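Colleague: Just so you know, the sequences run in chain order A and R. Residue 88 in the numbering used here sits at position 88 of the first sequence, and the numbers go up by one each step. Residue 414 in the numbering used here sits at position 414 of the second sequence, and the numbers go up by one each step.
In case anyone wonders, no lab produced these hints; they're calculated from the structure. Fair warning: there could be bad hints in the mix.
Copies of the same chain are indistinguishable here, so a pair counts whether it falls within one copy or spans any two.
Stated by the list, open to error - List time: in silico BS3-like cross-link candidates among lysine-lysine, alpha-carbon distance up to 25 Å:
1) Lys-225 with Lys-157
2) Lys-104 with Lys-196
3) Lys-104 with Lys-225
4) Lys-130 with Lys-161
5) Lys-58 with Lys-261
6) Lys-171 with Lys-365
7) Lys-386 with Lys-166
8) Lys-313 with Lys-338
Note that this is a predicted model, so its numbers are computed, not measured.
Protein chains: 2
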Amino acid sequence: MSAEIITIGTELLTGGHINTNVSYLSEKLTSLGIETCFQTSVGDNYPNLESVLSEAIKRSEIIVVTGGLGPTADDITKQAVSNVLKTRLILETGIVSKIERFFKDRKKEISSNNYNQALVIRGSMIINNKIGTAPGLIIERDQNTIILLPGVPRELKPMFKDTVSKYLKKKYSKNLVIKSRTLRTFGLGESVVDEKITHITEKCSNPCIAFLAHATEVDIKITAKAGNQNIADSLIADVETQIRNALGDHVFGADDETMEKIVGAILTLRNKTIAVAESCTGGLISNLLTNVSGSSAYFIESIVAYSNEAKIKLLHVSPQTIEEFGAVSSQTASAMAKGIKELASTDYALSITGIAGPTGGTSQKPVGLVYIGLAHQSGIDTSEHKFFGTRDIIKQKASQTALDILRKYLINQA
Amino acid sequence: MSAEIITIGTELLTGGHINTNVSYLSEKLTSLGIETCFQTSVGDNYPNLESVLSEAIKRSEIIVVTGGLGPTADDITKQAVSNVLKTRLILETGIVSKIERFFKDRKKEISSNNYNQALVIRGSMIINNKIGTAPGLIIERDQNTIILLPGVPRELKPMFKDTVSKYLKKKYSKNLVIKSRTLRTFGLGESVVDEKITHITEKCSNPCIAFLAHATEVDIKITAKAGNQNIADSLIADVETQIRNALGDHVFGADDETMEKIVGAILTLRNKTIAVAESCTGGLISNLLTNVSGSSAYFIESIVAYSNEAKIKLLHVSPQTIEEFGAVSSQTASAMAKGIKELASTDYALSITGIAGPTGGTSQKPVGLVYIGLAHQSGIDTSEHKFFGTRDIIKQKASQTALDILRKYLINQA
C-alpha cells in the first residue's frame, strides 16, 4: 500500500516557512511500514486542491491531508474532499457543543463561522482534537482511506499519535517492521563510495541502500523491511558488514555518531588527553570537540593563534621557521603541534595552519592550502591538503580532516 | 504565470529530512513576482517522476526540478525529463572536460559514472555549477520553462542566484518589484518584539511584516510590492525607521549581517583588536569571529582554557580566585579577560566561563549559568547570565550574548 501526503496552505508556497508536517508524517508512515510515494503542497485555492485530490485518489491508497480545516473562508479542505468523493457535508451536533464549550471556557465570543468546523463528511470517523477546535476526519471510500488533519503541528501530532497511528496499524500493518541505519563515511566522494560498493548495492533490494552527500561526508542509509525487529536487524547487519569491509576505515561512525564523538569515545576509553593549536580553522576544531558532553575529561585546552606573533609567543614556534617556510607550511604546523603538546602536557596534540580564503591566497600558496600536524607519543606527523569551497566550507573540511587524522591514528594504535 | 516546484529524493519521503530547497525556491520565486501553485516531492522512482512531470507541464508554466542529477544509477531526472518532452540526451564535451579537471585538481580518481553528469537535454541551456560536478539545465519547450538544479543546497543556491534568478527576471518580470529586508534583533523574545511594534504592524499591509524566531535571535521581515525599485525601497525604509525607533539597539543588523560581521566591521573601522578567553563555549566565539573574511585584521588570538590548570597557567588566573569563587564565577571571568588582554596586547578582550551541561550543574551553579567578561580601555565589566536549552543551544546563546556585549560597548563608545 502506498501513501500520499497533501499539505495545504498559501504560506507554504510563498517561502520562508519550513514544512515540518510533511517530514513528521513521512517518518511516522515509514515506521508503520507504509511507503509515502508522493508529497504535494497547494495553496488555499479550490480548483488546485480539487485537482491534486482527484489525482491522489487515483494513484495512492492512503491520503493524508493537512491544513484548511480552520473556520475562515479560505479553509476549503472539507468542501473539496466532499466534492471529489461526490458526497456531502453534514452538521455534527456533538462537535457543535464541543466548540461552544471551548469558547465558553476561554470566555471568548463565538462567531458564526466557527460552526463551519462542526461540518463533517457524511460517513466519516471523527478524530478528536484536544488542543484546538478543528476535528480531524477519517474517510473510507472504495480503495482509498483519506485522513484529514489540521495544519497546526501541535494539534496534528497528538491526533496522529493517539488516533491515526492506531487506526493505520490495525488496518494496514501486516506485522511489518521497517528499520534504518546510516553509515557515515569520510574521505571519499559520492561516486567513489558508489563504485566501491556497487557490487553490494546492485544485488540488494531489501535492505535498500541510499546515498546522501554532505559538505564533509557521504552517508549510506540502509533500510530493511521484515516481519520482526530481529530479522530487520540481521538484514541490516549483514549489509553493514559487507559495506564496512569494502570501505574500511572510511566508515567512521553510524547514525548520530559524529567524528568528534568517535574521537572523544576512544580518548575517554584509553584515558588519554588532547590539546589543539588552530590557525585557519579559528576555533572550529575546539568547538566541535567541546560539543560532546563529557569532553572536559580529555580536552584540556586550545590556542587559536591567528597572528604570527601569537604562534611565536604562545606556541613557541621559532621566528626563523615562520620566516624561512612561512606561517602556512608543514614546518610551522609541526612546531605548533610540538608547542601546544608541551604547553598542555597532553598525550596528543593537533595543529592546523592554512588559508581559509577568500583572500590571502597566492599562486604558490593558494586558498584552501592547509597543513595539519599530529603530535603523539612517538613524534609528529604532518600532512598537506588542498580544500575547495567557501571560507566556511574550507574551515569545515579542514577541521573534519584533522579529527579524522587523529581518529585513524588512534584506531591504528589499538 | 505560475510555477511548480518538484523535489526528488527518496530521503524526502522516508522522513527525518527537512526539505529546505522548496522553502528557499518558493521564497525566491515570490520575490521575482512568480507565484508557486504546486510543490511536489517524489522518490528516486522513474514512473512516479514521469507521472508528476507529465502533470506539471500541463498545469504550470515554470517548473523547477531539484535533485536526481548526481552520478549514480538512482539519479534519473534528466532521463525522465527527456522522455516526457520526447527529446534525447546528448554528451556535452565542455562538461566532460570540466568534470575531468574537477577530479584532477582534487587528485581524485574519476569513475565511469561521473560521465553521466555530462549528459544534457538537447537544446537546453547549461547552468554552471561552481561548487560541484552536476550542471543545471534550463529547457524552453512550447509553453513551459523547465529548470533542473542539483538537490545539494550549497550548489543549488548560488546557481539559482547567479543564473536562474537573472534568467527568470529577464523573461517574466512584469513591472512589479517585490523587495524584502530582514531586521535582526537580539535579546528579546518573539512575543515581546511583537508587542513593542504592534502599533506599527497592525496598520501596515504594504509593506507586510512577518516574524521569524530562531534559537538566538528574532528576525523581522519587511516585504514591499511596488511599481519600481525606488518606491519599494522607500516603503521599506519608512517602516524600518519606525521599527528601529521602537526596538533601539536590540536591532543588531539586517539581512546577512551576523553579529560577528557587525562587531568585525566596527573593529576594522576603528582599527582596534580583540582576543578571547573561552571556557564553556569551547572555541565557538573564536570560530564565529573568524568566519568573517578579513578577521585577521582584528582577531589576534584566543585561548580555550577548559581545565583549571589551563586557566591558571595560560591566562594567569590565580589559583586562589578559582578556589575561593570557583571556575564559574564573575571573579574568574574577570581574571580571564584581564589575562588574555595582557597576553595578546589587544584593545579589547572577551572572556566566558560557565556550565554548558547537560552534566556538571549543581543547585548553586546550575547548567546554563554563564559569566562573561569584557576588558576594555577603562577596566573590566562582568555580567551573569542564565541560559536554557541543550548543550549546543547554551553554547550558541552564550557566544551570541558575549558578542552582543562587545557590540553594545562599541556602539556606546562611538
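Colleague: Pop the pair Lys-171 and Lys-365 into one bin, within, between, both or neither, using alpha-carbon distances up to 25 Å.
Modeller: neither (62 Å within a copy, 43 Å between copies)
Colleague: State whether the alpha carbon distance between Lys-225 and Lys-157 is at most 25 Å within one copy, between copies, both, or neither.
Modeller: within (24 Å within a copy, 36 Å between copies)
Colleague: If the cutoff is 25 Å on CA atoms, where do Lys-386 and Lys-166 land: within, between, both or neither? Let me know, please.
Modeller: Answer is neither; intra-copy 47 Å and inter-copy 33 Å both fail.
Colleague: How do Lys-313 and Lys-338 come out at 25 Å by Cα distance, when the copy is not named: within, between, both, or neither?
Modeller: Both ways: Lys-313 and Lys-338 sit 14 Å apart in one copy and 17 Å across, limit 25 Å.
Colleague: Indicate which option fits the pair Lys-104, Lys-225 if close means a Cα-Cα distance not exceeding 25 Å: within, between, both or neither.
Modeller: neither (48 Å within a copy, 41 Å between copies)
Colleague: Reference check for the pair Lys-130 and Lys-161, CA-CA at most 25 Å: within, between, both, or neither?
Modeller: Within one copy, since 12 Å is at most 25 Å while 44 Å is not.
Colleague: With 25 Å as the alpha-carbon cut-off, assign the pair Lys-58 and Lys-261 to within, between, both or neither.
Modeller: neither (47 Å within a copy, 50 Å between copies)
Colleague: Since the copies are identical, ignore which copy is meant and state whether Lys-104 and Lys-196 lie within 25 Å (CA to CA) inside a copy, between copies, both or neither.
Modeller: between (57 Å within a copy, 19 Å between copies)
This entry does not satisfy hints 3, 5, 6, 7, going by the numbered hints stated previously.
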